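*Asks:* Just so you know, the protein sequences line up as chains A and B, in that order. Going from the first sequence to our numbering is simple: count from 1 and add 1276. Going from the second sequence to our numbering is simple: count from 1 and add 11.
In case anyone wonders, no lab produced these hints; they're calculated from the structure. Treat the numbers as computed from the prediction; the structure is a model and nothing was measured. Even glycine gets a Cβ: it sits at the ideal position worked out from N, Cα and C. Certain hints may be false.
With the Cβ distance kept under 8 Å, some of the chain A side facing chain B (calculated, not the full set) [as the list claims (entries may be wrong)]: (1) 1297; (2) 1337; (3) 1338; (4) 1340; (5) 1376; (6) 1384; (7) 1403; (8) 1405; (9) 1433.
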Amino acid sequence: MKLKFTVNRRATTLEVTGAERVIDLLRERLGLVGTKEGCGKGECGACTVLLDGSPVCSCLLLSSQVAGREITTIEGLSEGESLHPVQAAFAETGAVQCGFCTPGLVLSSAALLADIPAPSREQMKRALAGNLCRCTGYQKIFEAVELASRNMRREKRRRR
Amino acid sequence: MIDVTTYIRPGSLEEALDVLASGEFTPLAGGTDLIPHARGRGPRKMLDLSGLSLDRVTRTASSIEVGACATHSELCRDAVVTKALPLLSKAAALVGTKQVRNRGTLGGNVVNASPCADTVPALLNHDAVAVLVSKDARRKVPVEAFITGPYATCIGPNELLTSIVCEPLEKPTFVSFLKLGRRQAVNISRMSLAVCLMMDGKGSIKGARVSAGAVFPVARRMREVERLLAGESPSKRLFAEAGALAAQLMVKESGVRWSTPYKRPVLAALLERALAEAASGNFGEQ
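Modelling step: build the complete structure from the supplied sequences, incorporating the hints.
*Replies:* Put into structure tokens, the structure is as follows:
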């Protein structure tokens, strides 16, 4: 079948069987290797992408299920050379160690802040519970989300 | 990679039922259970339901019909569900992770029939009925009878679960839903309890519904406990008796297992707490 969907704001058409996992399409066919495969069972969240803005595991998603829909990967979050505020905050607070979980965590955090601009720690923990990090102990990740939240709200006020 | 040999995504229910009539296809909804399973010796022929618009919530005069493909996230935010079926909404909010709630569906949770499925005790308290459709027939089966054992249901290979019909509770009813796990999130239930207390005008319990998940081989209503509560006034002593009875029932039915020394007192305490929470009206009156 011909699969038409949007990847990182770009209309994309691919010839597929329908049963490929989306993570394989992204990595093998589109070269978007920022999306990582960890457990392959929907538990670790390393493969998180945004499907119409909501975080989902791309290892549990089959290609035909994204027909007509919009996917955002870590490569599509920044605008050109300038980082998304969440990416900048992760770098600034040192919320990255080995980096394997980072694309998923950044996308889940960005989706959280789009939904709740100033989340509480509890809301953060709940929103990021599906993204496992075995290096950082999460402290710096929460600090990054808080920093991004402050910066994004300041930017929004400035633009008004 | 997964090993799926044949994959069909029909655009209409008729087409889907035609495909299912062969009895060879496994319906795929959110994939949160099925796709990990497909990596092993799971199904090879899949029927993708994502083109069928089975995710709607419809309110009729006497009931609420939830489409089988409504995701847990949709159950958390749908205005009709949160208001009229608060137990279901709360149960859905406690499922897995954000990523899993965004994809996993109510129908999938029920058909997968895990003994610890979070939505099932909530559905039992709402007298939920599964609507099963095949090419030539349509039948309705109460969820309690639909799930026949751990990971087993009475669905035929040519049937599709299209929706689940729930009865809103008469007013005033006080409810609570408690889930016990090893941690706060990303939790497989070690036990879950759904409680409804229907009150009369004088502060007594007119009737009760109490369902338990991960306590018995199959989630079920504890009618013995419900009978104990009916007609009584809420009290700490009554709730403690109800908890003790539930623990007795569990040991009688599930036998003594490695976890029993832990689960017996914990179930008693958890039910006592759920009843007290419902009676206090903290979760919300319906």
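*Asks:* Confirm or reject each hint.
*Replies:* Structure-based check of each hint:
At about 6 Å, the closest approach between the beta carbon of residue 1297 of chain A and any beta carbon in chain B falls short of 8 Å, and the interface hint on this residue holds. The interface hint given for residue 1337 of chain A is met, as the beta carbon of that residue sits about 7 Å from the closest beta carbon of chain B, less than 8 Å. This hint holds: residue 1338 of chain A has a C-beta 7 Å from the nearest C-beta of chain B, less than the 8 Å allowed. Look at residue 1340 of chain A: its Cβ gets to within about 5 Å of chain B, closer than 8 Å, so that hint holds up.
About 16 Å separates the beta-carbon of residue 1376 of chain A from the nearest beta-carbon of chain B, more than 8 Å, and the hint is not met. At about 7 Å, the closest approach between the beta carbon of residue 1384 of chain A and any beta carbon in chain B falls short of 8 Å, and the interface hint on this residue holds. The closest approach between the C-beta of residue 1403 of chain A and any C-beta of chain B is roughly 6 Å, which is under the 8 Å cut-off, so the hint is satisfied. A least Cβ separation of about 4 Å between residue 1405 of chain A and chain B falls short of the 8 Å threshold, and the interface hint therefore holds.
This hint is violated: residue 1433 of chain A has a C-beta 28 Å from the nearest C-beta of chain B, more than the 8 Å allowed.
The structure fails hints 5, 9 (numbered hints given earlier, in ascending order).
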